Amino acid sequence: MATRSFALPILPRARSSRPWRIASVLALLAGAWLLSLLVPSLTDQFPAHWNLGLREAVDGFSRWVTSNRITSPIFVYFFDPLSTGIDAFVRLIENALLGAHWAVIIGITAIAGWLLGGWRLSLGCSLGFFLCGAMGLWTQTMQTLALMNVSVLFALLIGIPLGIACALSNRFDRVLRPILDAMQVMPAFVYLIPVVLFFGVARVPAVVATVIYAIPPAVRLTSLGIREVQPAAVEAARAFGSTRWQILRKVQLPLALPAIMAGVNQTIMMALGIVVIAAMVGAGGLGREVYLALQRLQVGRAFEAGLAIVVIAIVLDRLSEALSRIDLTQLPSRAAGRAPSWVAPLVIAGLTALCVIAFQDAFPGEWQLGLARPVDGLVRWTRDNLFFITRPLSDFITLYLLNPFRDLLRDIAPWPVMVVAVAAVGYFVSGWRLALGSAIGMFMLGWLGMWSQSMDTLSQVLVTTAITVVLALPVGILASQSDVVRRVLRPILDFLQTVPTFVFLVPVIMLFNVGRVPGIIASVLYAIPVGIRLTELGIRQVSPEAVEAAKAFGSTRAQLIVKVQLPLAKPAIALSVNQMIMMVLAMVVIAGMVGGAGLGLEAVIGLTRSETGIGISAGLCIVILAMILDRITQAWAARQR
Amino acid sequence: MLICTDIWKIFGPTPEKAHAALAFQVAADKLSYPDHVVAVRGVSFEVKKGETFVVMGLSGSGKSTLVRCLTRLTEPTAGQILIEGQDVRRMNDEALRNLRRHKVSMVFQNFGLLPHRRVLDNVAYGLEVCGVDRRTRNDRAAQMIELVGLKGWESKYPRQLSGGMQQRVGLARALAVNPDILLFDEPFSALDPLIRREMQDELLRLQSTLHKTSVFITHDFPEALKIGDRIAIMKDGQFVQVGTPQELVLRPRDDYVRAFVKDAPRAKVLTAGAIMSRDLRGRAPNGRTVPSHAPLQALLPMLAEHDAPLTVLDGGTPAGVVDRAAVIRALVEEDVARATGA
Amino acid sequence: MSHKRLTACTHALSWVAVAVLALAACRQAPAAPAESPAAGSPAAETPAAAPAQPAAEKPIIKLAENPWTGSSVNVYVAKQLLEDKLGYTVEVVTIDENAQWPAVAKGDISAILEIWPSGETHQKGLKQYVEGDKTVDHLGELGVVGKISWYVPKYVVDQYPELATWEGYKKPELARLFATAETGEDGQFLAGDPSWVQYDEEIIQNLGLKLKVVRAGSEQAVLAALDSAYSRKEPLLFYLWTPHSVHNKYELVPVKLPDYSDECYAEANAGKKACDYPKDVLFKVANARLKEAAPDAYQFLANMKLTDADQIAMIADVELNGKTPAEAAKAWIEKHEAVWSKWLPK
Ligand SMILES: Nc1ncnc2c1ncn2[C@@H]1O[C@H](COP(=O)(O)OP(=O)(O)O)[C@@H](O)[C@H]1O
Ligand SMILES: [Mg+2]
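Chains as they are written, first to last, in my numbering: chain A, 10 to 650; chain B, 5 to 346; chain C, 2 to 347.
Just so you know, the hints here were simulated from the structure itself, not pulled from any lab data.
A couple of the hints might just be wrong.
If we take Cβ atoms under 8 Å as the criterion, some of the chain C residues that face chain A in the derived model are [claimed, not checked]:
id	residue
1	D97
2	P103
3	E186
Below, a list of computed lysine to aspartate or glutamate pairs in the EDC-like style, where the Cα atoms sit at most 16 Å apart [as the list claims (entries may be wrong)]:
id	chain 1	residue 1	chain 2	residue 2
4	C	K343	C	E293
5	C	K234	C	D263
6	B	K52	B	D184
7	C	K128	A	D393
8	C	K135	C	D159
9	B	K266	B	D233
10	C	K125	A	D68
11	C	K234	A	D393
12	C	K213	C	E252
Coverage of chain C stretches by chain A, computed from C-beta distances (three or more under 8 Å per stretch; other residues unrestricted) [stated by the list, open to error]:
id	stretch
13	61 to 72
14	90 to 96
15	226 to 232
This one's a predicted model, so the numbers in the text were calculated from it and none came from an experiment.
Think of the CB as a built atom: it goes at the ideal place given N, C-alpha and C, for glycine as much as any other residue.
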């Protein structure tokens, strides 16, 4: 080894020993409890007069906006022209998509699929769109597609430059990061009404809300991609006297392209996630179908529209994934191994032309594929036949998991104790910074006037996450061991991840009764795909050398999993837990719509009673809970390394 | 051409303070400064025009850091760097960029090629960033590619090339801007031994026509001997000894250097002039002469043929004699200087 | 030259081919499907195709459609008459009732035809926009009168006649019929959509009922719970109103509460309410500038008036006969010329 007498070791910083730290934290907890015994007036409930006053401020602002909406120059000269522009743009795309013969749209998708991936992708994409037509949803599909395209375009136009800025400046990155977190976790419900105030109804607020929601992955992945460009390439460029701009344009951006494309992919997925919510402000399209059908309990109809959304999501996902997989450094060899690349497009174009001649513009109504009826039948069947399992299950979860836990967090533990306890967790997984941050966050919950709702929600989130983890881990492990399981799971997980949650709310309520449980079930269904995927990925990415070595020593399969793969995959699994919590938090509002109470209900009240102040406060509390839980689980995941 | 005086590079939170503390202490190598890594420690040297200066040291000894300090890819903590009389550390961004664009080129250990560009575009990169038009730079790049023997590979991507070929691209890229100074950071270390030798020969071939001033980093002593006009042995951020290959082999300053020298191919490194005895009396020139810079390797066949000593000519005039015994002694004994009593 | 260049060229060529094809197929673009082929629920609007119309000086009328059938049929009656009789282009904007006020104030929506006074948002909207800055005009009553009540399925009352009135819910053993895991000992009262005024907690407390409110969070949640309970003939007590399409599907009975009185709802009585909800007289509003921009349309919308029977008939047509709201509206228009001809401005 190298002699390195000057490479000085970092001296271990003086740190108090572990027992001592535990003792002091316990003492602090006891102190908090004692305080609450001594001054019950202050600690029984979060003091109502300790209030940030955010609600009033927000309401005051929205009153100002509504009364100046028509006259104020900021609206007349900024928001209105902007809205008009966006509206015109969406209509343009919509007209193009609806004006074109349906076969042409399918043909274009098929060719794009072929160019990017090959005949399988091509066939899959065209079949997908065909299915949308056959379910009688062609027009709505095109409307949603138009909205989606414009939103994604804007999200990328804003997100990618921001991502570049984040990659180049650490300070900018630090400032933007919490804002992105907030954008991603803040329920769209909360900003829907303000967006309507500023941008009117129909397409424009839908685009704006979607853009807000979809920007973060574009920023994150762009930044990550640039930061992860091989330093050697950047150094070489520097050594040849490149300016910063030249390095960015000639080296970093091209090399970050796959990551940026992955960002595009994620942006599309996020955008599709709020199609239904966007329908509440008049966005039309598939979201409107789901929204109307649900109001009438037409689960089958909602399912069809939901399925069309899934189809769009999967088609766009596969296309953009294929796009991001195109490796610039390997283009020629790829193309060289291919038959002349214009034959297939010409064949497809020919078929398309035939269809154009043979059929009229509108998608032929007689090619009906009615899924609504069978789905309705299935829902009725489960309602009538599974209730004997689901009712006791629901009661069990409520009585033995949710109630005790909620009572502990909300009623038994006085709020100072909760603040200290969460801070202590932060301290043990990371350090005093996180402890302080968590404590401030917890305090903010009370300060925003939402202490008890927050604790209710926190208890639900933790129980839900626990259930999700318990279910996701074994399935993930199984999927990592067997390609068959993985292949079978993939479409199911894709479906669960992209189908609008609203679609399965009705059946879930029918089976589990109104209350906190249906929200939990819906959240588990929403969060479990990510958990399974990340667990599986983590295990599959365990270094093959380690696995090989273990095999060489004659480990059985079970030993291999337990002694090698799981321990080595621990950081990845820890991260998957983090992601699951985030997904569960994203469902808090949905839970509020099916009887989940807590912060979700407050957010719904904010929307449905135009109480923007309440909505924003509840949304902020959700964001704060998310940040606390995220930072704690991230730190915990980092410790698994 | 290139003069470096007392260069320091310290990594850590407060390098300046650490430098002040370390540089002005006696017995500095005993001193430590917490949380800092002293990568380069008061290094001074000069490289003359056309000379190849090799820095040899084990990994972690600070070679890469040193060579990166020369064009401030890594900002040195202290010291002075003069390139053609210009003080590099005083240059503003613009001047520094021009230095990197026109005067000094670099070849990297891991090639540092841009994976998304074809060979031609990689080689043309240096010209591209200074705004040379496409046609001119492509012509020039094609020339360079031919020079390093890669004609026909212009439109391949780096990934499709073997390691040796990739480094040829790196070399061509460095040559394309026609720099005055070439910096090599262990350019051949990542290559297989056979390819490495081939590349060394290639470099020597190029140098024999181009005569570029070079700083060449390596951790391989034989490579240093083969390529260097002068060699600096680096250890823990400091130069232990600087000299020609022969000087190092004949007079290693300490055991550290001696350890390297031990396995040196002495027959190739040592010259007749270095081991001859200056005593010319009683030895009639018999037509068996060798030039004083001839390596011992070249003397062996002559001495094997006949027992008589050889006359060493320095600039055409006899300067001393070498006999079989002297050569054998030089080849087996470590400290030739001591043995010949020179 | 190189492979890459070549492939890039062919790629580009094929894209161009597709584009040309697409353009060729777009030839009839403006004639985009007026009525979408989608069957089942109301045809999706394609207002996109509208602006090319000659109605140059006539503004586009945008009517708000809320996600319940009653709202839809009103809107389609108005749409068809405005288009056929007055020559307007009408866009239907499907929107949540709570997002519509700022929109109608600004003119993004021209009129709303069915507003329930019991909606909290609507009380605010009236105060702020109609009485306050006068950006919205009150267009008078729709004619339909709604009513919020507590409902139970009829089979509950059949089995326990006492549960037809509020007194029945004072008895723990009867109230417990409605208990769930969330409510424990007490019976569950399922409160609906949070956007509606709800005094249920007050009423329960002041009448001393053995009930606990569970907030369903949305109307759909109540309906789904009802569907599920009804299928098993389980007891369920919930907040709902009439007219509502759900009454076509299930037999529901309103629970009799102490009669409504103005004193009961007086401001002074805040927190002490112990009586039934008031009647909901549905009303219409329009953007204030519509009066000048389209006086005849404004007049028409102000005149428009439907009876309970009219609306319930159309709702039944949609819910039971599987018509789209547009078709149901058309059928009603064909049969009731005498009614709507009076709406047309002279
Ligand atoms: N960016 C850096 N930060 C901290 N320490 C560094 C950095 N770069 C190099 N070092 C340290 O400086 C010393 C010399 O490194 P280097 O110049 O790369 O050695 P060599 O090239 O001779 O192997 C090593 O101990 C290395 O760990
Ligand atoms: Mg190195």
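Going down the list of hints, with the structure as the test:
1. D97: The hint holds - D97 of chain C has a Cβ within 8 Å of chain A, the shortest such distance being about 4 Å.
2. P103: 5 Å, holds
3. E186: E186 of chain C check fails; min Cβ-Cβ to chain A is 13 Å, beyond 8 Å.
4. C:K343 x C:E293: 21 Å, violated
5. C:K234 x C:D263: 37 Å, violated
6. B:K52 x B:D184: 11 Å, holds
7. C:K128 x A:D393: The given pair, whose Cα atoms are some 47 Å apart, is violated under the 16 Å limit.
8. C:K135 x C:D159: Violated, at roughly 51 Å.
9. B:K266 x B:D233: Cα-Cα ~19 Å, so violated.
10. C:K125 x A:D68: 12 Å, holds
11. C:K234 x A:D393: 11 Å, holds
12. C:K213 x C:E252: 24 Å, violated
13. 61 to 72: holds (count 3)
14. 90 to 96: holds (count 3)
15. 226 to 232: As far as the stretch 226 to 232 of chain C goes, the hint holds, because 4 residues have Cβ atoms under 8 Å from chain A.
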